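Whole structure, please, built from the sequences with the hints as guidance.
Residue numbers (our numbering), protein chains in the order written: chain A, 244 to 608; chain B, 39 to 344.
Everything labelled a hint here was simulated from the structure, so no lab data went into it.
If the Cβ cut is set under 10 Å, some of the chain B residues that face chain A in the computed set are:
id: 1; residue: MET53
id: 2; residue: ILE57
id: 3; residue: VAL183
id: 4; residue: GLY185
id: 5; residue: LEU187
id: 6; residue: PRO201
id: 7; residue: PRO276
id: 8; residue: LEU278
id: 9; residue: TYR280
id: 10; residue: ILE282
id: 11; residue: VAL286
id: 12; residue: GLN290
id: 13; residue: PHE306
id: 14; residue: ARG308
id: 15; residue: PHE327
In silico negatives: residues of chain B with every beta carbon more than 12 Å from chain A:
id: 16; residue: GLU89
id: 17; residue: LYS90
id: 18; residue: ASN125
id: 19; residue: PRO340
Since the structure is predicted, the reported quantities are computational estimates derived from the model, not experimental observations. Built from N, CA and C at the ideal position, the CB exists for glycine as well.
Listed below, chain by chain, are the residues.
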Amino acid sequence: MKDERPDKRTDWEKGTEPALTPLGTPPEPPVRPREGDIIHTAPELAVGEADVRSAEMGALEPIKGTSLWKDAWRRLLKNRLAVFGMIVVAIIALASIIGPFIIKATTGFTYDTVPPEMELSKAMPPFRDVNGNFSALHPMGTDILGRDVLSRVLIGGRISLMVGIISTLVSLLIGITYGATSGYLGGRVDNVMMRIVDVLYSLPYMMIVIVLLAFFGGRSPLGQLFLLFIALGAVSWLTMARIVRGQVISLKNQEFVLAARATGVSTAKIIFRHLVPNTLGPVIVYATLTIPQVMLQEAFLSFLGLGVQAPLASWGSLASEGIQNIAIFPWQLIFPGVTMALTLFSLNFLGDGLRDALDPQMRKT
Amino acid sequence: MLRFIIRRLLITIPMVLIIVTLTWGLIRLAPGNFYTGEKRIPPAIVKNIREKYGLDKPWYAQYGKMMWGIVRGDFGDSLTYPGQSVNQILWRSLPVSATLGILAYLLALAVGLTTGTLAALRQNSKLDYASMALAMLGISIPNFVLGPLLVLVFSLTFYWLPPARWNGFPSWNLIMPVLTLSALYMAYIARLTRSGMLEVLRADYVRTARAKGLSEKQVIFRHVMRGGLLPVISFSGPALAYLITGTVVVEQIFALPGLGNYFLNANFARDEPLIIGIVAFLAILILVFNLLVDIAYALIDPRIRY
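Below you can see the structure in the form of structure tokens.
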């Protein structure tokens, strides 16, 4: 039976407000007497809050609770831009994963197939064959070596998305460990650790990444990818550390932590088993927003010739190949560039939507 | 306040030393040297080169020499531009990058603040949605896509603007690089201004200002603007660091002889003094700029005291 009574509980009591916000300690839930509450003047005689509540609830039908995640999901689906972002990202990711196989099966082109009879001066425009007639063989045209641009864009998407996701995971690992440790230990340790983050914030770290890649990169395409994961992950964990620290500080004095400590759980276990899982909401939101940033940095390094190396391709390296012939073969830049912009656009909308859904306090409406 | 400034300036020195040491360590740990290229050099010449640049001395002597040079503001001679000191190259390329960066930031401030403020004042209007969608686009389009597209349209199709090269300060050549560089900051500043202003518009002290009978204009300019600007100001610190990385790409696209271009070439050529010179110079610049941001913060927000 559906409960028709107006829900008088505050958002805090309903649990629709997350316990924590990415900005740090949330305001305390307001404590105010409900109708019929006896205000005790002698606290030691007071009946526990829970007793009062269960006594009250006992008389009524139990209200069906929704979990934070279910609620957030519902809110996310209401946000049209976020849904649009989610669909576009899903399509592009799916196309990057299975697209190259389909192209190979139907037309026989892979991202590095160079047709033997290709005239070098004649890259084909989209939907044209060598003689300029309509042909669906290359929907995005070919590059100067006659390679199919569509399959190169899809392979590039694979690498770009992979770098984005793995580097974000690396940054999560560092940021969560650092932030949670700093927040939980508190005091002087916290002070020093956060001062270090402040210092790192203001350094031109991309220049160090450029130096690192220029001097250590270029051995092998796979080694280069690995170096990219580490380098990009290592420079994008700062904000994550701050967010997690704020969360942990507001959580660490709660009863469940005290209970864990009282039963003799080790500090590391308290941090990673009890505190970190509770910071997941803001962490997911920020991770979604980190992926496009990291992808942008990867593309920027690849564009400069320091990132992904041939024969592998990413959107950045495709754009840097495309820019060399922009006057005659503009599609070689436009297709990877626009695909990348569309992906980042969608990821940003998705991230914003997730933030609004998981954290209504942050919503600027 | 004065004590705060002095303390911050004192912190700056070890930080510059740390970042320089880190860069130097990276360069030294990497195998190879600037003279190990495709060309095979006779050992006698290698010996001469090593002697000339002091590479035959132990590492701590070289490190000490470099550090002493930095303390005196002398970064030594470039290895790939013979006969030119790093300082000469810095002073030649800095005006290019600085012009680009300053113009781009001013443009971003002007456009970003205006649209952000208008969007906040007319929240949930069409203007608000349109400008925020545009801002999202600005954040999402990489500058190496935007720049070439502008070239494609304005230079290669309409022949309105020159596609590349440096041509002094007031010149048509500057329009596209500045636009390319500032798009991202415009978008960020518009978003920051909007969210900052929205927060302040609901603050108690704004209600108080209205309650005591100030005109709407006075409320906006005297009270809301001040609070709404704070996030923009704190963004200006990191923005400088981003601007520098952004210029590397923009200088590549438009073939401008700025710091970023020299930095990239120095990396490919393994020109150690030039790399270290540029890194140290920019680190100092960024740290001093961050200090200025903190001071501006205190001046604008009466709640902050150092």
